[in-house]
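**Student:** What follows is each chain in one-letter form.
6 protein chains.
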Amino acid sequence: MITAVYPGTFDPITHGHADLISRACRLFGRVVVAVAVSRGKQPLFTLDERVGLIEQVVSGCDNVVIRPFDCLLMDFCRQEQAQVILRGLRAVSDFEYEFQLAGMNRRLRPEVETLFLTPAEQFGYISSSLIKEVSSLGGNVAEFVHPAVQAALNEKYAGRKPGA
Amino acid sequence: MITAVYPGTFDPITHGHADLISRACRLFGRVVVAVAVSRGKQPLFTLDERVGLIEQVVSGCDNVVIRPFDCLLMDFCRQEQAQVILRGLRAVSDFEYEFQLAGMNRRLRPEVETLFLTPAEQFGYISSSLIKEVSSLGGNVAEFVHPAVQAALNEKYAGRKPGA
Amino acid sequence: MITAVYPGTFDPITHGHADLISRACRLFGRVVVAVAVSRGKQPLFTLDERVGLIEQVVSGCDNVVIRPFDCLLMDFCRQEQAQVILRGLRAVSDFEYEFQLAGMNRRLRPEVETLFLTPAEQFGYISSSLIKEVSSLGGNVAEFVHPAVQAALNEKYAGRKPGA
Amino acid sequence: MITAVYPGTFDPITHGHADLISRACRLFGRVVVAVAVSRGKQPLFTLDERVGLIEQVVSGCDNVVIRPFDCLLMDFCRQEQAQVILRGLRAVSDFEYEFQLAGMNRRLRPEVETLFLTPAEQFGYISSSLIKEVSSLGGNVAEFVHPAVQAALNEKYAGRKPGA
Amino acid sequence: MITAVYPGTFDPITHGHADLISRACRLFGRVVVAVAVSRGKQPLFTLDERVGLIEQVVSGCDNVVIRPFDCLLMDFCRQEQAQVILRGLRAVSDFEYEFQLAGMNRRLRPEVETLFLTPAEQFGYISSSLIKEVSSLGGNVAEFVHPAVQAALNEKYAGRKPGA
Amino acid sequence: MITAVYPGTFDPITHGHADLISRACRLFGRVVVAVAVSRGKQPLFTLDERVGLIEQVVSGCDNVVIRPFDCLLMDFCRQEQAQVILRGLRAVSDFEYEFQLAGMNRRLRPEVETLFLTPAEQFGYISSSLIKEVSSLGGNVAEFVHPAVQAALNEKYAGRKPGA
Numbered sequence: 001m002i003t004a005v006y007p008g009t010f011d012p013i014t015h016g017h018a019d020l021i022s023r024a025c026r027l028f029g030r031v032v033v034a035v036a037v038s039r040g041k042q043p044l045f046t047l048d049e050r051v052g053l054i055e056q057v058v059s060g061c062d063n064v065v066i067r068p069f070d071c072l073l074m075d076f077c078r079q080e081q082a083q084v085i086l087r088g089l090r091a092v093s094d095f096e097y098e099f100q101l102a103g104m105n106r107r108l109r110p111e112v113e114t115l116f117l118t119p120a121e122q123f124g125y126i127s128s129s130l131i132k133e134v135s136s137l138g139g140n141v142a143e144f145v146h147p148a149v150q151a152a153l154n155e156k157y158a159g160r161k162p163g164a
Numbered sequence: 001m002i003t004a005v006y007p008g009t010f011d012p013i014t015h016g017h018a019d020l021i022s023r024a025c026r027l028f029g030r031v032v033v034a035v036a037v038s039r040g041k042q043p044l045f046t047l048d049e050r051v052g053l054i055e056q057v058v059s060g061c062d063n064v065v066i067r068p069f070d071c072l073l074m075d076f077c078r079q080e081q082a083q084v085i086l087r088g089l090r091a092v093s094d095f096e097y098e099f100q101l102a103g104m105n106r107r108l109r110p111e112v113e114t115l116f117l118t119p120a121e122q123f124g125y126i127s128s129s130l131i132k133e134v135s136s137l138g139g140n141v142a143e144f145v146h147p148a149v150q151a152a153l154n155e156k157y158a159g160r161k162p163g164a
Numbered sequence: 001m002i003t004a005v006y007p008g009t010f011d012p013i014t015h016g017h018a019d020l021i022s023r024a025c026r027l028f029g030r031v032v033v034a035v036a037v038s039r040g041k042q043p044l045f046t047l048d049e050r051v052g053l054i055e056q057v058v059s060g061c062d063n064v065v066i067r068p069f070d071c072l073l074m075d076f077c078r079q080e081q082a083q084v085i086l087r088g089l090r091a092v093s094d095f096e097y098e099f100q101l102a103g104m105n106r107r108l109r110p111e112v113e114t115l116f117l118t119p120a121e122q123f124g125y126i127s128s129s130l131i132k133e134v135s136s137l138g139g140n141v142a143e144f145v146h147p148a149v150q151a152a153l154n155e156k157y158a159g160r161k162p163g164a
Numbered sequence: 001m002i003t004a005v006y007p008g009t010f011d012p013i014t015h016g017h018a019d020l021i022s023r024a025c026r027l028f029g030r031v032v033v034a035v036a037v038s039r040g041k042q043p044l045f046t047l048d049e050r051v052g053l054i055e056q057v058v059s060g061c062d063n064v065v066i067r068p069f070d071c072l073l074m075d076f077c078r079q080e081q082a083q084v085i086l087r088g089l090r091a092v093s094d095f096e097y098e099f100q101l102a103g104m105n106r107r108l109r110p111e112v113e114t115l116f117l118t119p120a121e122q123f124g125y126i127s128s129s130l131i132k133e134v135s136s137l138g139g140n141v142a143e144f145v146h147p148a149v150q151a152a153l154n155e156k157y158a159g160r161k162p163g164a
Numbered sequence: 001m002i003t004a005v006y007p008g009t010f011d012p013i014t015h016g017h018a019d020l021i022s023r024a025c026r027l028f029g030r031v032v033v034a035v036a037v038s039r040g041k042q043p044l045f046t047l048d049e050r051v052g053l054i055e056q057v058v059s060g061c062d063n064v065v066i067r068p069f070d071c072l073l074m075d076f077c078r079q080e081q082a083q084v085i086l087r088g089l090r091a092v093s094d095f096e097y098e099f100q101l102a103g104m105n106r107r108l109r110p111e112v113e114t115l116f117l118t119p120a121e122q123f124g125y126i127s128s129s130l131i132k133e134v135s136s137l138g139g140n141v142a143e144f145v146h147p148a149v150q151a152a153l154n155e156k157y158a159g160r161k162p163g164a
Numbered sequence: 001m002i003t004a005v006y007p008g009t010f011d012p013i014t015h016g017h018a019d020l021i022s023r024a025c026r027l028f029g030r031v032v033v034a035v036a037v038s039r040g041k042q043p044l045f046t047l048d049e050r051v052g053l054i055e056q057v058v059s060g061c062d063n064v065v066i067r068p069f070d071c072l073l074m075d076f077c078r079q080e081q082a083q084v085i086l087r088g089l090r091a092v093s094d095f096e097y098e099f100q101l102a103g104m105n106r107r108l109r110p111e112v113e114t115l116f117l118t119p120a121e122q123f124g125y126i127s128s129s130l131i132k133e134v135s136s137l138g139g140n141v142a143e144f145v146h147p148a149v150q151a152a153l154n155e156k157y158a159g160r161k162p163g164a
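Protein chains in written order, with the numbering used here: chain U, 1 to 164; chain B, 1 to 164; chain Z, 1 to 164; chain Y, 1 to 164; chain F, 1 to 164; chain C, 1 to 164.
Check the hints yourself; a few may be wrong.
Copies of one chain are not kept apart here, so a pair can be met inside one copy or by any two copies together.
[Said to hold, decoys possible] Straight-line C-alpha distance at most 27 Å; calculated DSS-like pairs for lysine-lysine:
(1) K156 x K41
(2) K132 x K41
(3) K156 x K132
To be clear, the hints were calculated from the coordinates, so they are not data collected in a lab.
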């Protein structure tokens, strides 16, 4: 059985992430959504909040597990006995960084393979940071995220003056 | 009559921006230079300073208005009854982000069209951030910005040790 | 009134082209679809066939005219008294060639402005050449082109062994 | 069991292709190397020669089959009951075309997923066309292809004046 | 003394090429303009014509020699005892192919270094193929090429109907 | 004699940087490694530490000098009487920023030429920031940096909880 790790910050999870996870579930025996602690990036949502939102969004997939991680990705893959890392590719600039990372990871642990997926067309321009920007300015992001995520965003930005 | 919005931080306005504005004035009935408050980016110039410098630079165009905005761009377009968003494209990396943004904006408000212009060759490598970097290190940016902007930059960086 | 020229080979016109034309019609007083003779490229459809298909597809737009051209684009713009060239941007590689062309055209005729539009998300991956490839192999392209274009493609490829 | 199709012209197979195939064999139950007839591209090697060279190169992998195809890739995937298409990504320009193709293929057959792999660093700049160019000019390509491929290239170019 | 080879088809030489050569002459002891025979590309100008035009254009540089070549570039470098290959970089797509080529060349001959230069801004969008396209359609290319090149282009295209 | 300046933050120096320096030493009479103070970027290593590590790494090259700088690069080039700036190009995104910078620098000081080198294949995905990220998470970077740099990284991250 192949275990595939799908790492990210998921701050918050979007329809693009969810679509990729559900497609991965059909291809791999076990899919581990690896939620990076990402202290340096100062996420909007806490680790627990991010994990909680993913749980609600992917509840229908039996072979998905959600795990936080705070170490080198390749060490996490060893712990999870994963043979595959999954990454979404939206744009050329994604690609370049990902390419660099994949090269480094192959050096660190050659037996783990990085596989890239492209998003469905209607999710190609969705990113967590764009979602947060639109939401923080009072825009409606219902089309791009799960209702639970929308509610969580509204709560975060409720007290704020738009754009503050 | 078509109203075109040209959004940006303009921190500060360069010859590249001014060139794009003057070209837009010949094509559209009304051009709104939309100055983003951009709290998050911590601009060098205050909003008032940025608006003031744009006023001096574009004083010759009758159908230009300058407006600060602190909301979702698509909400601003509705207020201004704009049908067009104008964006300058200098480089591939510009293009990718812009492409993503244009897709999101089309979803939020399909009746507003994003149009891209490329800079005149002599302005292709000018960006506000590069101008500030050069100016902060004591370099001469007279070729790239209006004299009023140059004076404003000199004043900002006057007290600083170069590179500090 | 602004006249905008939208040049291409249109071999054949796709939903992506049609979408761009209908959006241009809302922004410019007159839109000239300029059909390049393109002898060098050996189009699948003759000039007359290509013009005929465009006529059927854009019949609903009052301010559109369709014109073949066999000269320098900037000379064609002068004949048509056009101030704007419209180009679709699908990808980074499009962008680079277009950028080069826009620079050259600006040198040849500075008063004509090149404006770029991005396709609607569902048309981003459609190109005339991909349509022809799929159609020549017996694939169904009904989703991507007007029924008249589909019929014309079927007729062209009818006698062929798939892939020949 | 997941069947993965790896399509290409393989004119001729390089170490880069072989590396990707051997990695795919560890991840998927069955890997189908799909050799495109590619009449339009006028390959250097005949279909039989290309299939024969692949057979020699991948002889060590039990779960690989080699199949010519001369139809729409998505029709071939249905015949082979494949759930996955594999593609190598070497460069940004690869990526753009691949992205477009993946979008089209998803529309034609949403249940088949396109997965991208990046080459090992030492194969990143190898392409079949570069190999042929170097070999046709008398250069030594022993480092980049299997000995059987090198012998076949030497034979093809034997009678030719270098560069002719 | 460092010998630098600047290879190309030069069909025909443009102001962009000439600018790069004159800058190279200030940096390297000897600059070899290597004119590829390029049989496969079917150049507009014969090898003798291309060499002749380069001679007229670069006549002012003492340390430049012009040499045709019809072999592997790295073999030519050995013959010329060159340590450096010079390449102009105009665009991202240039860059990718060049990157691939530089990697291959380094493998074939590690002691030769590939150095890239970017064109002066006013030459960034000039390419030989664009020059030929404009000239074949009756456009004026006086700004982009030497008068001798312009005369040669006019002669080549004199008998032709524009665009034929 | 040609003096070439190789500017960077070198936080810390990697095998990729060292490889580029040793290649530059064979081509230019004098190579100045210019270590940017980079106050704004908050480097991990102090200026003295960065200079010290470079000294250990490049000790074998006679014609290399190491100099900190805290001014406009073009002013530094004048002080050093340099005719060349050297830059490594790893990726398209590098290229775009570099292109912009090279254009600006040419305007500020046309007699200084920017030359780009591509890294050896095995260093293409190494960057100082990736090295620091891997090292901070307890990964082994022995393959990518000099032992002295590895020791310095270990010391910096010794007290830290992985990933903190």
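**Student:** Give a verdict on every hint.
**Tutor:** Going down the list of hints, with the structure as the test:
no., hint, verdict
1, K156 x K41, "both (17 Å within a copy, 20 Å between copies)"
2, K132 x K41, "both (14 Å within a copy, 15 Å between copies)"
3, K156 x K132, "within (10 Å within a copy, 32 Å between copies)"
In terms of the numbered hints stated before, the structure departs from none.
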